[in-house]
Amino acid sequence: MPRTIWNGSLSFGLVNVPVSLTSAARDLDMHFRQLHKSDGAPIEQRRYCSKEDEQVDWEEVARGYELDDGEQVVLTDAELAMVQPRKTRTIDIEAFVDIEEVDPIYFDHPWFLLPFGESEGTLRAYQLLVRVMESTERAALGRFVMRTKEYLVLVRPREGLLSLTTLLFADEVRTTDEIAPGGRKPAKKKVDQAVAVIDALATDWDPERYTDCYRQRLERIVKDKKKGKTIKAPEEPKQPKPPPDLMEALEATLAKAR
Amino acid sequence: MPPKSIWNGTISFGLAHVPVKLYSATESKTVSFREVHVSDGARIEHKRVCSKDGREVPFKQVVKGYEVKPDEFVVLSKEEVAAAAGARGKVIEIEDFVPEGEIDPIFFEKTYYVGCRDEAEGYRVFLAALERSGRVGIGRFTFHNREYLVAVRPLDGVLALHTMRFHDEVVEAGDLELRKPGKGPGKREVEMAGQLVESLHRQFDPEDYEDSYREAVLELIERKAKGEDLSPEEPEPEEEPSDLTAALQASLGS
Chain R
3 MPRTIWNGSL SFGLVNVPVS LTSAARDLDM HFRQLHKSDG APIEQRRYCS
53 KEDEQVDWEE VARGYELDDG EQVVLTDAEL AMVQPRKTRT IDIEAFVDIE
103 EVDPIYFDHP WFLLPFGESE GTLRAYQLLV RVMESTERAA LGRFVMRTKE
153 YLVLVRPREG LLSLTTLLFA DEVRTTDEIA PGGRKPAKKK VDQAVAVIDA
203 LATDWDPERY TDCYRQRLER IVKDKKKGKT IKAPEEPKQP KPPPDLMEAL
253 EATLAKAR
Chain E
-12 MPPKSIWNGT ISFGLAHVPV KLYSATESKT VSFREVHVSD GARIEHKRVC
38 SKDGREVPFK QVVKGYEVKP DEFVVLSKEE VAAAAGARGK VIEIEDFVPE
88 GEIDPIFFEK TYYVGCRDEA EGYRVFLAAL ERSGRVGIGR FTFHNREYLV
138 AVRPLDGVLA LHTMRFHDEV VEAGDLELRK PGKGPGKREV EMAGQLVESL
188 HRQFDPEDYE DSYREAVLEL IERKAKGEDL SPEEPEPEEE PSDLTAALQA
238 SLGS
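So the protein lines, in turn, are chains R and E. Residue numbering for the first sequence follows the numbering used here, beginning at 3 and increasing consecutively. Residue numbering for the second sequence follows the numbering used here, beginning at -12 and increasing consecutively.
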């Protein structure tokens, strides 16, 4: 059972549903520690004052912010805590939106919201929210504070539970203006051919088809190294040249796929 | 100022290759601070120190250790770790095309925009074909010595690339224990909740939401810069949870 990192209540009008938050993503990466090459001892990161070259304890660390004129403003953690929004134990639903209107580019980290506690009332109110959002295909937009930061979040049903995703703010998503290729529309014949290639490579989405080859290779390397084998460095990858004729390449792909 | 690309490569599907560049699509606007020493305001430096001899360790003397048992490490050089990167360095290789609506966005991790490099024709053809087919390309590519699973889809007149989580990195509802209520919500409650959802329904416009916390932090910085004395305030007491039907009625104002 994954760890609960926050609990409070989801508030919807005057209804409060006690909930807990647990991550919907697992970190399966292999984590390495930094070691000192000569003696194999773990390396520690220590804080030093750049002026006195003396070690500094965490309690003596404050936050520095550089203003436009180069002047520095120093805030202590206690001062920063003052602007922490007060209602830290509720997720306030402000609006309901159509799920499809929220582009996944805004999605930040995924979580599950679970009912907190065993009371019948809580479980029923939770089920009520799941059911009403499932039937209306709407998701709830709200705000809440986790640790010290306020987040905009989207709550939507997923597999019979409530899923919560922190969202990016509008100004954190860049515009595509300068990236769009512009120019004339591509020739219909070429697009037809490319669509035919896409159709030939079409399949249903099945996440289990894809395994993390990087993780597997890294596990193998660690295993080999433990046995004392030599690890070979990879070759410098080559950049394929774009085909001189796109149509020819698309046709050749189709011929191969059939 | 035109955005700076962070990667040059090629999208390949079948035998067709489209030369592309990658750009970051998102940037965090969280107010970031640097660590300073409270007594003299000087910048804090992080030093790598050997836990055994207490001396500073230069970066060249740092190797990576994977802990196989407590305090027992398999030591790898940075080059050995890089050997796991795979051989597809400069290529985003599309393996499959899947219907766009089938992928739960929970799989998406970070987003990049894909722009064209050199000539734009192949890019435009690929973009138009994806738009028309309603499909998303699933492929792999290597970035900073690490291989990613990616989804490439049309967005707002360009191609967007999402790095993705693998299936075992996504928690399923079945992995969680959840007790169902003895009695589900009643018809009347579902109706009232439906009305409440309706009354709060709005069109989604990301511009409607501001990062009020960011604003508050910036304001605090300004006050402090003016030399104001900042002193903490008292927290507010919390609300009590209430009876479900009564709360729904009160919310609807009936």
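A hint or two may mislead.
Covered stretches of chain R, as calculated for chain E (at least 3 residues, CB under 8 Å) [unchecked claim]: (1) 73 to 84; (2) 99 to 110; (3) 148 to 159; (4) 206 to 213.
To be clear, the hints were calculated from the coordinates, so they are not data collected in a lab. All values derive from a computational prediction rather than experimental measurement. Quick reminder that beta carbons are idealized off the backbone N, C-alpha and C, glycines included.
These are the hints, each one checked on the structure:
With 11 residues bearing a CB less than 8 Å from a CB of chain E, the segment 73 to 84 of chain R meets the requirement of three and the coverage assertion stands. A count of 9 residues in the segment 99 to 110 of chain R with a Cβ less than 8 Å from any Cβ of chain E is obtained; the coverage claim is therefore met, three being the minimum. Under a criterion of three residues with beta carbons nearer than 8 Å to beta carbons of chain E, the stated coverage of the segment 148 to 159 of chain R is upheld, 3 such residues being counted. Beta-carbon proximity to chain E at under 8 Å applies to 7 residues in the segment 206 to 213 of chain R; the threshold of 3 is reached and the given coverage holds.
Checked against the numbered hints given earlier, this structure breaks none of them.
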